[in-house]
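> Chain by chain, the residues run as shown.
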Amino acid sequence: MNLTVYRLAKHLGAKMGSIGLFFALLPSLAMAKYEYNMEPPVSATGLSAYHLHNWMTMVCLVIFVVVFAVLGYSLYAHRKSVGHKAASFHENTLVELAWTIVPFLILIVIAVPATKALIAMKDTSEPDITIKVTGYQWKWGYDYLKGDGEGIKFISTLSTPQAQINGQEPKGENYLLEVDNPIVVPVNKKIRILTTANDVIHSWAMPAFAIKQDAVPGFIRDTAFRVEKEGTYRGQCSELCGKDHGFMPIVVEVVSDEKYAAWVEDQKKKMAAAAGDPNKVWTLDESKAYGEKVYATNCVACHQANGKGIPGAFKALDGSPIATGPKAEHISRVLNGKAGTAMAAFGKQLSDADIAAVITYERNSWSNKTGEVIQPSEIKAAR
Amino acid sequence: MAAVDHAHGHEHGHDGHGHHPTGLMRWVTTTNHKDIGSMYLWFSFAMFMVGGAMSLVIRAELFQPGLQVVSPAFYNQMITLHALIMVFGAIMPAFVGFANWMIPLQIGAPDMAFARMNNWSFWILPVAGSMLVGSMFVPGGASGTGWTLYPPLSIQMGMGMDMAIFGVHLLGMSSIMGSINIITTILNLRAPGMTLMKMPMFCWTWLITAYLLIAVMPVLAGAVTMLLTDRHFGTTFFDAAGGGDPVLFQHIFWFFGHPEVYIIALPAFGVISEVIPAFSRKPIFGYTSMVYAIASIAIISFFVWAHHMYTTGIPLTGQLYFMYATMLIAVPTGVKVFNWVATMWRGELTFETPMLFALGFLFLFTLGGFSGLVLSVTAVDIMLQDTYYVVAHFHYVMVAGAVFSAYAGAYYWLPKWTGHMYDETLGKAHFWLTLFFFNLTFFVQHFLGLAGMPRRIPDYALQFAEFNKLSSIGAFGLGLSQLLFLYVVIKCIKGGKKAEANVWGAPGLEWTVPSPAPYHTFEEPPVVK
Ligand SMILES: [Cu+2]
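Going line by line, the protein sequences match chains A and B.
For reference, each letter of the first sequence is one residue, going 25 to 407 in our numbering.
For reference, each letter of the second sequence is one residue, going 111 to 639 in our numbering.
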C-alpha cells in the first residue's frame, strides 16, 4: 500500500513542472466570478425544468458516489500489494437481475416528472401575443402578428462595436449580448413565438425562459413563454448558422402593461415616419449617405467595409461586374439573393428606400463610379 | 512497431512464405494483419495529432473574449475538421487497428479472412484523410458547418464541402470493407473449440460493432450524396422551396450518428473488458450478461436518434418516445459498469498503466453517461442543447471513453507488439497528466453550458471568461501530454526490458505466442478446450 502511495507521489512530483504553469495563473483565476449552475428561469415551465435538472443531477451524484465508494473500497482492500488473493466467482444471477431491475425502476421515477415538465413546456395554446421570429444571417427579424402591438416589425442586430470585438476598445458589460432593437413584451402574458428562417437554420434561445426553438427555413415552428418578472433577458442564436453565428444575440425586455402600451405607441409612430414619402426623389448624396448606414447593418459582415469581400468566401463589390454593370441586374441580385450562396434575398427584409439607397451606395463607393442614383420607385417596380 | 516484429519474424525463421517486398513497397503491398494493424494505429495517432492541433487553435481563440487568433469563418472550419478528423480519422481507425492486430491472435486465426481487402481498406484512409485536411487549402476553405454538415448551411459552402463529402464516402467504404473482414474472420476462422460464447469480449464487441458499421455507414453515404446533388445537380431534398425539408437531413444524419457513438464506444468497452480482468486476476464478471448488454445497446441505438433533435420542433409524442427510449440505454450501460466493478471486487488488483487508464475510463465514462442521462430528459435538454454542457458530455464519452480505452489497450498490448516492456514510470506519468488536464479542459465546460454558453462560437460574453481560460490551459496541457505517449512508444520499440510471452499473466490465446508476436502466427490452429 505505502509503496504505491509513495510511487504515486513520486510521479506527481515529476509533473509538477507543467502544473506550475497552472498555479502561476491561479491568482488571476481565483479572483474571478464563477457560475456553477443555471440561473433559475423566470417562467413557471422553465422553473419546473430547472428543478427537474437539479434533482436529476443529485440522483446521478448519489448513484455515482455509491458505485464508486464500492469500487474505491475494492481498490483499497483487494490489492495484490496487501496480499489479497483473487476469488474466482464470475456470475451471480440474483445480483445481475437486481442491477438490471433497480436502474429501470429509478428511470421510471425520473420519467414521471420529466413527462410532466415536457407537457407543460410544449403547451403553446391560447397566447395573448404572437410574434414571428425570422432568423437571418446574422440578425433576427421580429413580426408582431397578433395581440397588442399587432403590425410592429423590425430587425434586431448586434450593437457591440467591432472595435470591442477586435480588442481596440475595452469590452462593455453586455459584450456580444446587446442589440439595437430589443424585442419588448408585457409581463405575465403568454407570448407565443413562431420561428422560421430566411437562409439557414438558426435557433432562438432564451436561457432565462428555458426556451430554445430552431428556426428552419421554409417551415414554422413554435414555442411559448409567460414571464413573471420584469427585466432585460439575454440569449444567443444556438444553431451554427455560418460565420457570424456567435454575433446574433437576442434581447427581450419584459415590461409592465403600461410601459408596453407606450412602447407599442412609439413603435407605430416610428414605423409611420420610416415609411416616408414613397414619391420622394433622392439626390446622389442623400441616397449614398443613407445607403452607407444600410450597408453597415446588412452587408458589411460579408462584403466588408472596403467592399473587397473575403476572397474565396464572399464576393467583392469593389469593381465587380454586378455593381458596375447594368443596374437592373444589381437590383435583382439584392432583391432576390443568389441561391446556394450566403447572399440573401433582401427584398423580404428591407424597404424600397433602404434597398435603393444601398444600391446607390454600392455603385458609387470605392472604385465604383457609375454616378447613378437608384430611386425607391425603381425598386418597387422591380419587385 | 511492426518493423521490429517483421525483423524478429525473419530471425526466428518464419520466413517460409516466399519473398516479401522490402522498403516502402512492403507496406504498400502488405496483406499481413499485424503490418496493417500497425499502419492503422500509426495513421490514427497522426490524425489524432492533426485533429488535436486544430482543437488547440479553437482553444487558443477561446482563451479570452474577443477575436485574437483566427477569423470566425476559419474558426468554423476548425471545429468541423477537428470533429471529422477525430471521429473518422483518429478514433475509428485506432480501434480497427486493434481489431486487425488482436482479433486473429485472440481467436487463433492465421490472418484476417480477406487479407488483400484488408490492405485496400487501410490504404483508402490516407487518401480520405488528405481530402479532409486538404480541403482547408482550396478556395473558400474547408466546410464551416460543424461535423454535422446541416443544410442549408452546407449548401452555401465552397468546394471544401465537396471534398469533405468525398472524404466521407471513402471513409465509409473503408469502414464497410473492414467490417466485412472482421465479421467473416470472427465467424469463420475461430480455432477449434472456441465457441462464440468462449470468445474474448474484445472480439464480441467488434463483431457487433462491425454489424453496426455495415448498417449505418451507407446511411451516412446516402445523406451526404443527397447533399451533393442538392449542391450541384438541382435536387431539393433539403430545400423547402422545392418541396424538401432541411430537417430530413438531420433525421438521416442522426440515424447514422447515434449508432456511430456506439461504433466508437463498443470496441472501447471490449478493450476495457480485457484489461480489467487481467489486472484483477479474475475472470470477467457476468460474461453472458455483458454480451447481451452490448447487443441490446447496439439495437437500442437505432431507435433513439431524434434525441439529438429535441429543439428542431418534433411533436410532443415524438419527444416523449425518444426520451423514454434514450433513458432505456442507461440500463444495459449500467449493467456493464456494474459488471466491471464486480470483476474487480475481491480480485488481486495491481495498477500498471493499462489498468490506470481502464479505471480512468470507468470513472470518466460513467460521468459522461450521467450527463447523457440528464440530457435525455427533453425538458432539460432544451435548456442545454447546443451549449457547452453537450460539448462536455460528448468529450467525456469520446475522449474519456474511446481515447482512454485506446491507451489502456495500447499499453496492454505494446509488449506483445514490440517484444519490449514500455517505461512504466513514464506510462503512469502520461496517465496522470492526461487525467488531470482532461478534467481541467472538459469538466469546467459543464459549468459553461449550464450558464448558457452556446457551442460553436468563436467569441463569447464576459461572464464565460474564467472557465474558458481554465479550459484552454487544460487543453494545451492535454495536447502536450500526448507527446509523452509518442515518446514512450518509440522508446518501447527501440528497446527496453524483454517482454515474456505472457507479460500480464492473463488468459487468452494472444499470450500463448512469443513476444513480439511472430510475423505469422497460428498457421496451425490451436485447440481451445
Ligand atoms: Cu443564427
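Accuracy of the hints is not assured; some may be wrong.
[Claimed, not checked] Cut-off 30 Å, straight-line C-alpha distance, at most; resulting in silico cross-link-like pairs (BS3-like, lysine-lysine): (1) Lys283/A to Lys294/A; (2) Lys170/A to Lys292/A; (3) Lys579/B to Lys109/A; (4) Lys601/B to Lys109/A; (5) Lys170/A to Lys146/A; (6) Lys104/A to Lys579/B; (7) Lys292/A to Lys304/A; (8) Lys195/A to Lys214/A; (9) Lys214/A to Lys294/A; (10) Lys253/A to Lys140/A; (11) Lys104/A to Lys607/B; (12) Lys372/A to Lys214/A; (13) Lys140/A to Lys195/A; (14) Lys292/A to Lys109/A; (15) Lys304/A to Lys351/A; (16) Lys283/A to Lys253/A; (17) Lys294/A to Lys304/A; (18) Lys393/A to Lys312/A; (19) Lys601/B to Lys104/A; (20) Lys351/A to Lys404/A; (21) Lys293/A to Lys362/A; (22) Lys639/B to Lys109/A; (23) Lys104/A to Lys608/B; (24) Lys253/A to Lys639/B; (25) Lys195/A to Lys579/B; (26) Lys304/A to Lys404/A; (27) Lys177/A to Lys393/A; (28) Lys308/B to Lys109/A; (29) Lys292/A to Lys214/A; (30) Lys283/A to Lys146/A.
[Stated by the list, open to error] What the simulated footprint calls covered on chain A by chain B, stretch by stretch (three residues with Cβ under 8 Å from a Cβ of chain B suffice, anywhere in the stretch; the number is not a length): (31) 130–136; (32) 195–203; (33) 224–235; (34) 260–266; (35) 334–346.
Note that these hints are calculated values from the structure, not bench results.
We treat Cβ as the ideally placed atom computed from N, Cα and C, and that holds for glycine.
> For each hint, tell me whether it holds in the structure or not.
Cross-check of the supplied hints:
Distance hint between Lys283/A and Lys294/A is fulfilled; the C-alpha atoms sit about 16 Å from each other, no more than 30 Å. For the given pair, Lys170/A sits about 15 Å from Lys292/A by alpha-carbon distance, which is consistent with the 30 Å threshold. Between Lys579/B and Lys109/A, the direct Cα distance comes to roughly 47 Å. Violation of the 30 Å bound is thereby established for this hinted pair. For the hint pairing Lys601/B with Lys109/A, the CA-to-CA distance comes to about 34 Å; that exceeds 30 Å, so the pair is violated.
Between the alpha carbons of Lys170/A and Lys146/A the distance comes to roughly 20 Å, so the proposed pair stays at or under 30 Å and holds. Our distance criterion of 30 Å between C-alpha atoms is broken by Lys104/A and Lys579/B, whose separation comes to about 41 Å. Of the supplied pair hints, the one linking Lys292/A and Lys304/A holds, its CA atoms being roughly 21 Å apart against a limit of 30 Å. Between Lys195/A and Lys214/A, the direct Cα distance comes to roughly 35 Å. Violation of the 30 Å bound is thereby established for this hinted pair.
Taken as a hint, the Lys214/A and Lys294/A pair is honoured in the structure, with Cα atoms around 26 Å apart against an allowance of 30 Å. Between Lys253/A and Lys140/A, the direct Cα distance comes to roughly 23 Å. Compliance with the 30 Å bound is thereby established for this hinted pair. Proposed proximity of Lys104/A and Lys607/B is supported: the alpha carbons are some 23 Å apart, at most 30 Å. Our distance criterion of 30 Å between C-alpha atoms is met by Lys372/A and Lys214/A, whose separation comes to about 28 Å.
With a C-alpha separation of about 42 Å, the suggested pairing of Lys140/A with Lys195/A is violated against the 30 Å cut-off. Of the supplied pair hints, the one linking Lys292/A and Lys109/A is violated, its CA atoms being roughly 83 Å apart against a limit of 30 Å. Restraint check for Lys304/A and Lys351/A: the C-alpha separation of about 20 Å stays at or below 30 Å, so the hint holds. Of the pairs offered as hints, the one joining Lys283/A and Lys253/A holds, with about 14 Å between alpha carbons and a cut-off of 30 Å not exceeded.
Between the alpha carbons of Lys294/A and Lys304/A the distance comes to roughly 18 Å, so the proposed pair stays at or under 30 Å and holds. Using a Cα cut-off of 30 Å, the hinted pair Lys393/A and Lys312/A holds, with the two alpha carbons roughly 12 Å apart. Between Lys601/B and Lys104/A the alpha-carbon distance is near 28 Å, which keeps this suggested pair within the 30 Å criterion. Proposed proximity of Lys351/A and Lys404/A is supported: the alpha carbons are some 14 Å apart, at most 30 Å.
At most 30 Å may separate the alpha-carbon atoms for a hinted pair to count; Lys293/A and Lys362/A exceed this at roughly 34 Å. Straight-line distance between C-alpha atoms of Lys639/B and Lys109/A comes to about 26 Å, which keeps the hinted pair within the 30 Å bound. For the suggested pair Lys104/A and Lys608/B, the alpha carbons sit about 23 Å apart, so the restraint of at most 30 Å is met. A C-alpha spacing of about 73 Å is found between Lys253/A and Lys639/B, which places the hinted pair above 30 Å, so the restraint is violated.
Straight-line distance between C-alpha atoms of Lys195/A and Lys579/B comes to about 17 Å, which keeps the hinted pair within the 30 Å bound. The hinted pair formed by Lys304/A and Lys404/A meets the criterion: a straight-line CA distance of about 13 Å does not exceed 30 Å. Annotation: proposed proximity of Lys177/A to Lys393/A is violated, straight-line Cα distance about 35 Å (limit 30 Å). Restraint check: the Cα-Cα separation between Lys308/B and Lys109/A comes to about 25 Å, which is no more than 30 Å; the hinted pair holds.
A hinted pair counts as satisfied when its Cα atoms are at most 30 Å apart, and Lys292/A with Lys214/A qualifies at roughly 22 Å. Between Lys283/A and Lys146/A the alpha-carbon distance is near 29 Å, which keeps this suggested pair within the 30 Å criterion. Here the segment 130–136 of chain A counts 3 residues with a CB under 8 Å from a CB of chain B, which clears the bar of 3, and the coverage holds. Counting residues of the segment 195–203 of chain A whose beta-carbon sits less than 8 Å from any beta-carbon of chain B gives 6, enough to reach three: the coverage restraint holds.
Three residues within the 8 Å Cβ limit are the bar, and the segment 224–235 of chain A against chain B gives 7, so the coverage statement holds. Using a Cβ-Cβ cut-off of 8 Å, 7 residues of the segment 260–266 of chain A lie near chain B, which meets the minimum of three, so the contact claim holds. Residues of the segment 334–346 of chain A with a Cβ under 8 Å from some Cβ of chain B number 4, which satisfies the need for three, so the listed coverage holds.
Violated hints, in rising order: 3, 4, 6, 8, 13, 14, 21, 24, 27; the structure is consistent with all others.
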